[in-house]
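Engineer: Heads up: the protein sequence lines correspond to chains A and B, in order.
Residue numbers 1 to 386, in this note's numbering, belong to the letters of the first sequence in order.
Residue numbers 1 to 298, in this note's numbering, belong to the letters of the second sequence in order.
Everything labelled a hint here was simulated from the structure, so no lab data went into it.
By construction, the Cβ of each residue, glycine as well, lies at the ideal position given by its N, Cα and C atoms.
Any given hint could be a false lead.
Just a few of them, taken from the derived set where beta-carbon distance is under 10 Å, the chain A residues facing chain B [unchecked claim]:
#1 I81
#2 R82
#3 A136
#4 K139
#5 A141
#6 V143
#7 G260
#8 A292
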Amino acid sequence: MDLLEYQGKEFFRRHGVPTPPPGIVCTTADEAEDAARELNRPVVVKAQVKTGGRGKAGGIKLAEAPEEAREAAAAILGLDIRGHMVQLVYVEPASDIADEYYLSVMHDRVGKGYLVICSAEGGVDIEQVNRERPEAVVKEAIVPSQVEGGLPAGRASAIVHAAQIPDAAADAAGELLVQLFDAFRLGDALLTEINPLVRTTDGRVIALDAKVTIDGNAMFRHDDHREWADFDRRGDDLEARAKRKGIQYVKLDGDVGVLGNGAGLVMATIDVVAQAGGQPANFLDVGGGASADTMAESLAIVLADPQVKSVLINIYGGITRGEEVAKGVIEALDRLGGIEPKLVVRLDGTNAAQGRRILEQARHPNVVAAADMQQAARRAVELARG
Amino acid sequence: MSIIIDQATTVVVQGIGTQGTFHAKRNLDYGTNVVGGVHPKRGGGRWEVLDLPVFATVAEARAETGADTSMIMVPAPFAMEAILEAYEAGISTIVVITEGVPVHDMTVVYDRVVRRGGVRLIGPNCPGLISPGEANVGIIPANIAGPGTVGLVSRSGTLTYQIMHELAQGGLGISTCVGIGGDPVVGSNFLDIIRLFADDPDTHAIVFVGEIGGTDEQEAGRWVAEHIPDTPVVAYVAGFEAPAGKQMGHAGAIVREGGGGGETAAEKKDILESLGIAVATNPSEATSLMIERLSGGG
């Protein structure tokens, strides 16, 4: 789960990583003005969206006075930044910046360990620095057995020096790296990135930005992450609604709704729909052992997308049972009333025969049976074309 | 014949709740030599549904039964502990069906178990493995495929069933099918399993089923091209239509925004094809490509 910047900074503060003084989250220009007045000093108004490139898109503005904060917030709220609509701004006390660096700790999938990345060139696209001048970016792989008590101070210091962080900041940056590593590991993060890490004119080293991804699977040992998870699931868009129900849903741009059991099978189904000349409207994985109720809710989510003209349900039952799927489809149709799109259903695996029989007996005008995945995709594409 | 599991395999089950019991029973009914369950508070008791003993620890189970394989079905918060316990007890094949294991836990497990060697860890978050006619350890529905000479390895559960189903319809049987799981850190990757298939005299062809995210498919492909260029190998990669930056269900199935790192399905396909490996774009095509390769074409 990706955190917004203000949440990431709170995550940092909890683990002792130095940040600017706490700011205030606002949803309107009025609130931003009040916030600036309360903070009683120059502020930065920052768009809170889960994507990079905010600065370039006009999503970050400095404000000397409360009225300026109002104007800045008015300009930023509602902006579309790389497909993310700005609904929140963070009004934070401005920092006097002397120097900018880059620092991150992330899980390293290839090395099956951790990776610390540090560069004295911060505040810019680090990928680009890495492409153009790889020698300016230090990448240090670390395995768990080396850091069971945390990242040793000597190692942190060596990394910071190798990255040529200037002497004036090196000690503080080394200390901050030790804290960041604790935050990453003890906080079950998959990524903690600070860009820029800054030295202020009064000589402190602080995280001016925070990009944090925490592992949703580790939620059971982090009551302190609960509020962010709740935040992530709020809202009325379809992805949030699916998350609340524990259903995996990703919106795509087409008109053929796709629903199946198991992530790999759903991905494959989407590919087959595209190969049949159609455009998938979404990815929806009902998960393992889906009940009739989960099926019904999943269908409701797919059908709530107004672009959807037909739906392909592709189930290969292992744990999931065919009769539950069939009951869920019928239940969903009953619950949703007179729906337009036709549903093409392909059922195989555990109790598929019972499931097919239930669908056949129901003789629902909107349900079309298909013998296999390819045929189901072709049929769903034809139906979407009308 | 098979890799990793066969008729001689003896299995203990860690996690004997509803799901653990249901699937252990299915495995037992298939003919797998399941010898008991492990539960810290129910040691010394009976596992009623299977009519088998329950042990308090894996070490005890191993001492009593000589079990060499553990199937782990405990809830995610206890998975790391369960894997380490199996490892300490000297179990040589650990199959972790549990989903939702934190990445940090698996990173530690990888360090303490896999990196040290000597143990075969499959999963987590996987359907397990089946050697048709020999043994089934995990949750793969056994009725789909019959015995044969195609080795199948896959990152995904139900997609594996789909491919087995298609292979069976094409008249192709399976030597062993291994679901390695779709998490970012798994105990065994494609290459680990493909190497075992390469050494198995009864596996004559290999299908590996990948998806977006990571670059394990390429690593496997390079090894195949270098070491077993004459073995019929077909790959399938799911997720051609997946957008960057969106996790497609599996924790490992995500393409970094910006891309260019070989993590998309199209990139994987191009690289594998440049290595001389036939790449299917859907499950049916995987079967037709395999039939073609087995008959000397392609």
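Engineer: Next, verify each hint and record whether it holds.
Structural biologist: Comparing the hints with the structure gives:
1. I81: At 13 Å from the nearest chain B Cβ, I81/A fails the 10 Å test, so the hint is violated.
2. R82: holds (9 Å)
3. A136: violated (19 Å)
4. K139: Violated, about 14 Å.
5. A141: violated (12 Å)
6. V143: OK, holds: V143/A within 10 Å of chain B, min 6 Å.
7. G260: Hint on G260/A: holds, closest Cβ of chain B at ~7 Å, below 10 Å.
8. A292: violated (19 Å)
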